[in-house]
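**Student:** Could you slot chain B onto chain A? The hints should help.
Protein chains in written order, with the working numbering: chain A, 13 to 297; chain B, 13 to 165.
Treat the hints loosely; a few may be bogus.
[What the hints assert, rightly or not] Listed next, the in silico DSS-like pairs over lysine-lysine satisfying Cα-Cα at most 27 Å (straight line): (1) A/Lys143 with B/Lys137; (2) B/Lys137 with A/Lys174; (3) B/Lys137 with A/Lys203.
Simulated from the structure, these hints should not be mistaken for lab results.
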Amino acid sequence: MRKYSVLVVDDSKVIRFMIAGILAGTEFEICDSAENSAEAVEKYKLLQPDLVTMDMNLPDGNGIECSRQILAINPKAKIVMISAMKDASLITQGQEAGISSFLQKPVKAQVLIETLQLLAKNGKGTPERVKNAYVKPFMKVLKKNLFTLAGINSKMSLEVNKAEFLEIDGIAVVIGLTGSPVGRAILKMDKETMQKFSQKIVGDQIELSEDEIIDNIEEAANIIVGRGVSVINDSVKDKEMRITPPGTIYGSNIRMDNSNVLSFNITAMTDLGEFKMNVGFAEGE
Amino acid sequence: MDAKLVNPFVDAFTAVMPQIGFQDIKRNKISVCEHAVTSKGVTVLVGFTKEIKGNVAYNMTENTAKLIASTMMMGMPVDQFDDMAQSAISELSNMLTANAATNLSSLGYNVDISTPSLSVGDAFKVKVSSEAYLSVEMDVGGGHLVEIDIAVQ
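Only chain A is shown next, with the shape it has when bound in the complex (with noise of 0.2 Å):
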């Protein structure tokens, strides 16, 4: 089997010898280790390393700006960042200069030979490739279900997600994506805007009962995710996604981790109220 060169760039010997233990025995060979941003950029000219792993704080510079010089080298080099910080403009600045994945330390074992493991495989999984060909297809169609089903207008934001854990406060329909990336799509709203958006739907002369309310949302969920998997599906030749049923989670005050997914929450604002959706896949992809 041929073995992956990793670069590890580190001041902290401690680190350095915590990565090279997660690294023995699997597919990723440390080829070297780099100090400071000068020995990176040098041993990367040098040993031309099929993977980096680029700690945010060095000596002689930040990780992102090392990163920069890496990549203006050979701007397909994937480097994995990781920082003790892993906060949102961190993330978007090297995602910027063309990072591929973050990491938050301490890393953990399975989590850091996945995401060497996706890119060794996948080529540069950057978050904002992820974006166009996974989430840009949801928010459109968003917006066009929720004129078609409802005749609502909606003003249209996208982000990638910074908080830990999702909040609900009212309904949320929960959507798992199969096949490849595996994910899940997340459609929620406020009790009111969900008792509107049901009965809008259906027209104001049916009264509805709050499971009809619950069942129409619901639907309304899954004709969304559907329609955007098809979407990408038909855009990304080569791989096929799937969606599962959907399960839904109801009441007030509800936390859904969220840590360990990169995702993206698109926002619907509309006169009824907003319509949230986070689309997550597992991390490193």
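**Tutor:** Leaving out everything else, chain B in the frame of chain A:
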């Protein structure tokens, strides 16, 4: 739904839990339910699709979730059901469902599973994918119970 579909999930639970440190697993009652599941505090939903479609909910109290997370992490104390503990429970749900998927394939049903969604809250409702579903109560010892709700369309 077909009652024989419950066995792949029960077998998965019985096979996986000892690997993470729970040796004495008992199956309590099995019932057919029709109303939405009421969360005991922590509920993980995992969807599956392909030759059969549905979803499964793993439902437990926060105390049970903390005990399982702690046991999975080699006895590391878990006082708060924090990120680390939540991701342990998500990972367990993933393992259980993946194992059940393998068992289902030996019955001739190939399925793919989705990413788990773990929710925490007070007595919220969880509606699985079919009107009628099977609910199995598993005893992991010390009075700690994990309810597995299986819905197949």
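**Student:** Hint by hint, note whether the structure agrees.
**Tutor:** Status of the hints after comparison with the structure:
no.: 1; hint: A/Lys143 with B/Lys137; in the structure: 31 Å, violated
no.: 2; hint: B/Lys137 with A/Lys174; in the structure: 26 Å, holds
no.: 3; hint: B/Lys137 with A/Lys203; in the structure: 14 Å, holds
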